[in-house]
Amino acid sequence: MTTFRFEKFAGVGLLLVIWEIVARYKLLFFLGIIKMEGLAFPPTIPSVAEAFYQDVLDGTMTLSIGYSIFHLLIGLIGAVLLGIPLGILTGWSKRAEYIIDPIIQIIRPIPPLAWIPIAIMMFGLTHQAAGFIIFIGAFFPVVVNTYSGVRGTDRKLVEMAKTLGANEMNLLTKVVLPYSTPMITSGVRISLGVGWMCVVAAEMFGVSKYGLGWKIPYYSNIFMYDHVFAYMLVLGLIGYGMDIIFKRFESWKLRWRETI
Amino acid sequence: MLVIIHLTKKFDGYTALEDVSLEVNDGEFVCILGPSGCGKTTLLRLAAGLDFPTKGELFLDGRRIVGVNNECGFVFQEYVLFPWRTVIGNIEFGPEMKGVRKDERNRIAQHYIDLVGLRGFENNYPHELSGGMKQRVGIARAYANNPKLLLMDEPFGALDAQTRNLMQGELLRIWEKEHISALFVTHSVDEAVYLADRIVVMSARPGTIKEIFNIDIPHPRIRTSQEANLIRDRVLKSLGTEIEHARNK
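Protein chains in written order, with this note's numbering: chain A, 1 to 260; chain B, 261 to 509.
For the record, the hints were derived by calculation from the structure and aren't laboratory data.
Be aware that one or more of the hints could be misleading.
Said to hold, decoys possible - The calculated lysine to any residue pairs, modelled on SDA-like cross-linking and capped at a C-alpha distance of 25 Å, are:
hint : chain 1 : residue 1 : chain 2 : residue 2
1    : A       : Lys-247   : B       : Lys-408
2    : B       : Lys-358   : A       : Gly-165
3    : A       : Lys-253   : A       : Asn-170
4    : B       : Lys-408   : A       : Val-158
5    : A       : Lys-253   : B       : Arg-345
6    : A       : Lys-253   : B       : Trp-344
7    : A       : Lys-94    : A       : Lys-35
8    : B       : Lys-362   : B       : Leu-375
Generate coordinates for the entire structure from the input sequences, incorporating the hints supplied.
The following block contains the structure:
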């Protein structure tokens with residue numbers, strides 16, 4: 001899973017080399033893709049490193065990472081706390097599914113960006129507003145996966161539990177939930193990724209002066225692409241790191257599974 | 261013990277069981293043989309209360325069976341173990357549902373783990389076990405719930421021939437220690453002749469009881485003995501015509 005493989009570094013290394021060549025020799029300008037010669041776009045790797053270093057030194061980077069993770073956690077915790085029970089309810093009861101499913105299906109395609117006015121109306125320029133946008137992105141994978149997991153519970157296991165004396169509550173907590181845990185967990189993992197992708201949408205309208213998602217449009221507006229790139233890379237790396245940690249947790253938690 | 265009176269079960273469009281009456285006595289081992297689709301499994305499901313009869317009634321120790329009860333221990337061909345629970349966790353499930361204290365149900369589970377010969381595998385997950393071991397867990401789990409009746413639906417059907425013979429012997433050994441009545445569905449005449457006090461041969465769909473054979477050969481039986489062969493022959497003949505019927509339909 002996260003074993004050391006030469007190829008992993010080779011791919012990234014090649015990409016960095018290409019990036020550096022394109023940046024250093026201003027290939028995008030000479031190819032006519034961008035029009036302004038003076039524009040440092042894409043920025044060179046050293047300049048991005050320099051920008052990163054500067055923002056780490058004055059604390060902007062650290063605070064931004066902290067705020068973004070804070071916003072992510074608000075949204076993700078909300079998504080888990082609401083999404084899992086709702087998924088269980090719709091998966092467990094046909095009637096609940098009839099009532100709730102159409103609502104979910106209508107709201108689901110609305111992109112998190114479209115919720116910004118509502119977030120501002122409801123919460124003002126607060127961390128909750130940012131958390132709400134992330135919640136919108138993270139909520140649906142949790143609900144849908146929980147629903148599928150519950151609905152897909154092996155009928156034989158349920159019957160077996162019944163013959164062993166399980167009541168409705170036992171069936172839910174001792175059979176259906178454990179059975180659905182892999183699906184729910186992968187739903188949460190998708191939510192983690194989607195929620196993190198919503199960080200820019202969640203912070204761009206200015207809930208605070210820090211945040212990875214706030215800094216990217218901010219530096220972009222003042223043409224400081226070296227800083228923009230630094231923040232984009234940090235977003236990418238943290239997202240990747242969180243996914244690795246989550247996968248580790250998942251495979252430990254679900255070690256009862258037969259895996260290939 | 262188990263009394264089945266004029267039992268009929270219809271599903272949409274077909275009759276699975278028709279007018280089946282049968283008694284399983286205390287501590288008796290009854291095998292049910294019949295062609296595929298003759299309602300053997302349906303009969304077990306009705307006895308467990310997992311399905312409701314269309315007509316007729318079932319009684320367990322004088323009480324009518326309505327809905328699922330935890331007095332029947334079900335053992336399925338596909339084991340149906342809880343994959344997220346360890347061996348001991350699976351066996352403890354029944355007592356856990358009854359609210360038995362942790363140390364007590366541990367003791368119960370350990371007793372049956374020893375009985376089925378799974379000592380040392382308490383903390384393994386089902387996917388780490390062989391088919392025979394999985395079914396040992398299945399049997400131990402049924403026993404640990406202290407059932408009045410064991411319902412076994414081709415429990416050894418998925419095992420290879422050698423493991424199967426071994427498990428039949430094991431089952432008898434356990435059954436002699438913990439004398440619980442058993443209703444055992446199988447496709448194998450050999451198995452039935454080796455295990456049963458009585459063999460019930462069912463007819464092709466709709467399933468009715470065609471013939472009942474009493475087997476008085478004492479245990480342990482010798483699979484190739486004269487008497488065993490004689491009974492096997494009679495059972496096979498009885499079953500053969502039904503399999504023929506089932507095929508012609």
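Hint check:
no.: 1; hint: Lys-247/A <-> Lys-408/B; result: violated, 45 Å
no.: 2; hint: Lys-358/B <-> Gly-165/A; result: holds, 7 Å
no.: 3; hint: Lys-253/A <-> Asn-170/A; result: holds, 21 Å
no.: 4; hint: Lys-408/B <-> Val-158/A; result: holds, 21 Å
no.: 5; hint: Lys-253/A <-> Arg-345/B; result: holds, 12 Å
no.: 6; hint: Lys-253/A <-> Trp-344/B; result: holds, 10 Å
no.: 7; hint: Lys-94/A <-> Lys-35/A; result: violated, 59 Å
no.: 8; hint: Lys-362/B <-> Leu-375/B; result: holds, 20 Å
In summary, the numbered hints that this structure violates are 1 and 7.
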